[in-house]
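A.B. asks: So the sequences go chain by chain: A and B.
Residue numbers for the first sequence, in this note's numbering: 1 to 211.
Residue numbers for the second sequence, in this note's numbering: 1 to 215.
Check each hint, because a few of them may be wrong.
[Said to hold, decoys possible] Straight-line alpha carbon distances no greater than 25 Å define the calculated SDA-like cross-link-like pairs of lysine to any residue that follow: (1) B:K63 x B:T46; (2) B:K63 x A:D76; (3) B:K141 x A:K77; (4) A:K110 x A:G196; (5) B:K118 x A:G7; (6) B:K195 x B:S207; (7) A:K77 x B:K195; (8) B:K164 x A:G196; (9) B:K195 x B:S161.
[Stated by the list, open to error] Simulated DEER-style distance windows between Cβ atoms: (10) A:A111 x B:G200: 38 to 48 Å; (11) B:T25 x A:G112: 51 to 61 Å; (12) B:P108 x A:D87: 38 to 48 Å; (13) B:G84 x A:D178: 49 to 59 Å; (14) B:P176 x A:E136: 45 to 55 Å; (15) B:I80 x A:A163: 19 to 29 Å; (16) B:R12 x A:T46: 47 to 57 Å.
For the record, the hints were derived by calculation from the structure and aren't laboratory data.
Glycine is no exception: its CB is placed at the ideal position from the N, C-alpha and C atoms.
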Amino acid sequence: MSETALGERVARLERIARRDRVLALGALTLCLATAAAPATNQLVVTDPAGGTATLTSTGLVVRNGANVVRSAFGLDKDRYPSIDEYDTSGGLRQSMYLLSDRPVLRQFDKAGKRRAEMFLASDTQNGELVIRDAGEVTRGAVFLGSQGLPEAAFYGSDSNVRAYLATDDTSPYLVMKDGSGVSRLTIGGYQSGAIGMEVRNAAGTALWSKP
Amino acid sequence: MEHSADPDLGARVARLESSRRRDRTIVLAVALIVLATAQTPGPGSTPVVIRDGSGASSTLTGKGLSVRDAAGHERAFFGIDADGHPSVDLTDSAGRLRQSMYLLNESPVLRQFDGSGKRRAELRLDANNDGELLLSDANEKLRLALFRTTGGDPELGLYGSDEKLRAYFATDDDSPYLVMRDAAGTTRVYAGGYKDGSIGLVIRDASNAVLWKAP
Numbered sequence: 001m002s003e004t005a006l007g008e009r010v011a012r013l014e015r016i017a018r019r020d021r022v023l024a025l026g027a028l029t030l031c032l033a034t035a036a037a038p039a040t041n042q043l044v045v046t047d048p049a050g051g052t053a054t055l056t057s058t059g060l061v062v063r064n065g066a067n068v069v070r071s072a073f074g075l076d077k078d079r080y081p082s083i084d085e086y087d088t089s090g091g092l093r094q095s096m097y098l099l100s101d102r103p104v105l106r107q108f109d110k111a112g113k114r115r116a117e118m119f120l121a122s123d124t125q126n127g128e129l130v131i132r133d134a135g136e137v138t139r140g141a142v143f144l145g146s147q148g149l150p151e152a153a154f155y156g157s158d159s160n161v162r163a164y165l166a167t168d169d170t171s172p173y174l175v176m177k178d179g180s181g182v183s184r185l186t187i188g189g190y191q192s193g194a195i196g197m198e199v200r201n202a203a204g205t206a207l208w209s210k211p
Numbered sequence: 001m002e003h004s005a006d007p008d009l010g011a012r013v014a015r016l017e018s019s020r021r022r023d024r025t026i027v028l029a030v031a032l033i034v035l036a037t038a039q040t041p042g043p044g045s046t047p048v049v050i051r052d053g054s055g056a057s058s059t060l061t062g063k064g065l066s067v068r069d070a071a072g073h074e075r076a077f078f079g080i081d082a083d084g085h086p087s088v089d090l091t092d093s094a095g096r097l098r099q100s101m102y103l104l105n106e107s108p109v110l111r112q113f114d115g116s117g118k119r120r121a122e123l124r125l126d127a128n129n130d131g132e133l134l135l136s137d138a139n140e141k142l143r144l145a146l147f148r149t150t151g152g153d154p155e156l157g158l159y160g161s162d163e164k165l166r167a168y169f170a171t172d173d174d175s176p177y178l179v180m181r182d183a184a185g186t187t188r189v190y191a192g193g194y195k196d197g198s199i200g201l202v203i204r205d206a207s208n209a210v211l212w213k214a215p
């Protein structure tokens, strides 16, 4: 091969090498610019407003544009299965979850107090619906009691029961109590098996009864 | 061997060899970066699975999101359930369904189940789209209900273990009324508004005879 031909071949190889170098550097730059983190820990989807949905091994968390968690689904920090809804301030306002395997639906006020709750009791697994005041004192409830009897009850701000309507298999009964806890009015079945009505004074003495 | 008269040719070849080695390194680096950062195709049919070191995992499929604990039990599900209902299901640590919020035949239902799988509490809309709360005992017998009657009156009903109504407290637009029945179904106490518009109180015996009445 002549020296001239060899020189031309080397020159051609040099041109190819320069072109390939540019291509390789371009590919490297593109990879570095577009590479995402490996999807082993979480998957994040972002919307134009800045909101995000983050999928992790324990569930899905949705944040608004201000990065405040608004809803979460999956296993909560205590590892209870849960679906939670938060207000714009990040306060938990509604939660449906299993508390130590016990189903609970809770609604909270802005101060974080439990105001309404539907759940199964931890001991009997009987159902209850409870309404509480701002001091988290139970004021109204319908439930199946510890003996399994259905009951609707109203409570004072001191959490003491004032009135309840309940029934066993024999007969229903309605009881009204004063602030001291004395039964002042009873309608329905007595423990003797009779059914009637009775009015008592503050000392618990019968004032009137029928039959 | 032909000796080159151009002393620069050897240097140019050496540069080419060096350049080839560098370019090969760059190509390998690019390949490694591509492999390390490869993502599951977004809109494809392959489930997305996220796991952590404890063994807990979340699986996103075309049917919804399922979360499993470290023991492999599905603890929470959100999406379209096996019956095609949109649903949120919460399952206890033993894998039993304990709470479910879903649309049953297009009607909303929230159900709470005991450890034996019995429905114990339920909040739903009935066939007339009226809301109702139902509490049942361990035998799944209805014991308490808060609902609207077919006539639209709001009512609280208490039931015996035989699932028969024992007491109900309700109201129409004229007046409320409280009714108490014995196990035989006989009304023993009636307090409140009568159908004729008057309001009073009646106590009856087991044979339905009036024992006392006022006014």
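A.B. asks: State for each hint whether it applies.
C.D. replies: We went through each hint and held it up to the structure:
1. B:K63 x B:T46: Roughly 12 Å separates the two Cα atoms, so the pair holds.
2. B:K63 x A:D76: Answer holds: K63 of chain B to D76 of chain A is near 22 Å, not above 25 Å.
3. B:K141 x A:K77: Given pair K141 of chain B, K77 of chain A is violated - Cα atoms ~36 Å apart, limit 25 Å.
4. A:K110 x A:G196: violated, 46 Å
5. B:K118 x A:G7: Violated. K118 of chain B to G7 of chain A sits at ~90 Å, over the 25 Å cutoff.
6. B:K195 x B:S207: holds, 22 Å
7. A:K77 x B:K195: violated, 57 Å
8. B:K164 x A:G196: holds, 21 Å
9. B:K195 x B:S161: Since the Cα atoms of K195 of chain B and S161 of chain B sit roughly 30 Å apart, the hinted pair is violated (cutoff 25 Å).
10. A:A111 x B:G200: 38 to 48 Å: holds, 45 Å
11. B:T25 x A:G112: 51 to 61 Å: Taking Cβ atoms as reference, T25 of chain B and G112 of chain A lie about 59 Å apart, which means the hint holds.
12. B:P108 x A:D87: 38 to 48 Å: Violated: the Cβ-Cβ distance is about 22 Å, outside 38 to 48 Å.
13. B:G84 x A:D178: 49 to 59 Å: Hint holds: Cβ distance 55 Å, inside 49 to 59 Å.
14. B:P176 x A:E136: 45 to 55 Å: With a Cβ separation near 30 Å, P176 of chain B and E136 of chain A fall outside 45 to 55 Å, so the hint is violated.
15. B:I80 x A:A163: 19 to 29 Å: For I80 of chain B and A163 of chain A the Cβ distance comes to about 45 Å; the hint is violated.
16. B:R12 x A:T46: 47 to 57 Å: holds, 51 Å
Violation of the numbered hints given earlier is confined to hints 3, 4, 5, 7, 9, 12, 14, 15; the remaining hints are satisfied by the structure.
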